[in-house]
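All residue numbers for the sequence shown refer to numbering that gives the first Met the number 0, where the first residue is 0 and numbers rise by one.
Be a bit skeptical, because a hint or two may be false.
[What the hints assert, rightly or not] Subject to a maximum C-alpha distance of 30 Å in a straight line, what follows is the list of computed DSSO-like cross-link-like pairs (lysine-lysine):
id, residue 1, residue 2
1, Lys154, Lys66
2, Lys155, Lys66
3, Lys155, Lys94
4, Lys246, Lys151
5, Lys66, Lys94
6, Lys138, Lys95
7, Lys247, Lys151
8, Lys138, Lys154
9, Lys95, Lys154
10, Lys138, Lys100
11, Lys95, Lys66
12, Lys100, Lys151
13, Lys138, Lys151
14, Lys138, Lys155
Hints in this document: simulated from the structure, not taken from any laboratory.
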Amino acid sequence: MRHPILVSLCAAGAFFLSGCEKSKTEDVDRKFQGVNVVDESNLSDVMLSVSDANEAVVYFQRSVAEKPDRIDLQRGLAKSLVRASRGTEGVSAWKKVVDHKDATDEDRVDLADALIRNNEWDRAEAALNAVPPTYETFKRYRLEAMVADSNKDWKKADSFYETAVGLTTRPANVMNNWGYSKLSRGDYADAERLFSDAIRQDTTLFTAKNNLILARGAQGNYALPVMPTSQTERAQLLYTLGLSAIKKGDVETGKGLLRDAVETHPQHFEAAARSLSALEGTATN
0 MRHPILVSLC AAGAFFLSGC EKSKTEDVDR KFQGVNVVDE SNLSDVMLSV SDANEAVVYF
60 QRSVAEKPDR IDLQRGLAKS LVRASRGTEG VSAWKKVVDH KDATDEDRVD LADALIRNNE
120 WDRAEAALNA VPPTYETFKR YRLEAMVADS NKDWKKADSF YETAVGLTTR PANVMNNWGY
180 SKLSRGDYAD AERLFSDAIR QDTTLFTAKN NLILARGAQG NYALPVMPTS QTERAQLLYT
240 LGLSAIKKGD VETGKGLLRD AVETHPQHFE AAARSLSALE GTATN
């Protein structure tokens, strides 16, 4: 009589153990899924920061195809396309991110950034207008300033640039942009000041150095300012200054600066030598 009871107990025990085993397996699967998400996030970060941009595009295209609802993967694809200088595709990818139910104001700003890179200023302005004024970040105000510049709304541009400078600890690039805005308006003294400020913030920013020379040359000041430069940079700045002098009609001064550029450059400075030769040939003729 005990055998059926024993069999029943064994069957129940086996069922219970089976249930426990299944529960443990599900728990382990869930844990591994969590690990996979973390690993995937780390891989996404790596792909965005150090990977070749086109390799990152391929990775995120594959990931989005497998998990089309994941907005983080869609963002990764959009960022990678912009990094790869694939502007039209980047805009399209950011548009999909912005249309996602979990899109943020930061995504809308990134869409505006992609549109500006693609030279679509009206659409960029519309994208920024969709961002509430309470969302205040350095990137938002930097882009707002650039859009105001494109509209030649100088008062608004200056206000946005000033706000952007106050929202970052690394303002060199935005100071350079602001200076170039002043340069394009013919406000050379203010432009020179902003380029000098940008160089003080980042002594490696050659674009600001070259722009500073343009601002000084436009004012008829053909002396190189005191600032850290390599020998090659110094030669290139002398070349820029020489061309500025020639453009203003100070041809002899310009020729002297071109000679200095050729002599200063550690290698053969083809562009400066060719310009000098053309000027001297014209003078001889």
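Results of checking the hints against the structure:
A threshold of 30 Å between alpha carbons decides the hint, and for Lys154 with Lys66 the separation of about 46 Å lies outside it, so the pair is violated. For the given pair, Lys155 sits about 42 Å from Lys66 by alpha-carbon distance, which is inconsistent with the 30 Å threshold. For the given pair, Lys155 sits about 27 Å from Lys94 by alpha-carbon distance, which is consistent with the 30 Å threshold. In summary, the hint linking Lys246 to Lys151 is supported, as the alpha carbons are separated by about 25 Å, within the 30 Å threshold.
Proximity of Lys66 to Lys94 is assessed by CA-CA distance (about 18 Å); at most 30 Å being required, the pair is judged to hold. A threshold of 30 Å between alpha carbons decides the hint, and for Lys138 with Lys95 the separation of about 20 Å falls inside it, so the pair holds. Of the supplied pair hints, the one linking Lys247 and Lys151 holds, its CA atoms being roughly 25 Å apart against a limit of 30 Å. About 19 Å separates the Cα atoms of Lys138 and Lys154, which keeps this hinted pair within 30 Å; it holds.
The hinted pair formed by Lys95 and Lys154 fails the criterion: a straight-line CA distance of about 34 Å is larger than 30 Å. Note on Lys138 and Lys100: the hinted pairing holds, with a Cα-Cα distance of about 23 Å set against a maximum of 30 Å. For the suggested pair Lys95 and Lys66, the alpha carbons sit about 14 Å apart, so the restraint of at most 30 Å is met. In summary, the hint linking Lys100 to Lys151 is not supported, as the alpha carbons are separated by about 35 Å, beyond the 30 Å threshold.
Distance restraint check for Lys138 and Lys151: the Cα-Cα separation of roughly 20 Å lies within the 30 Å cut-off, and the hinted pair is therefore satisfied. Between Lys138 and Lys155, the direct Cα distance comes to roughly 16 Å. Compliance with the 30 Å bound is thereby established for this hinted pair.
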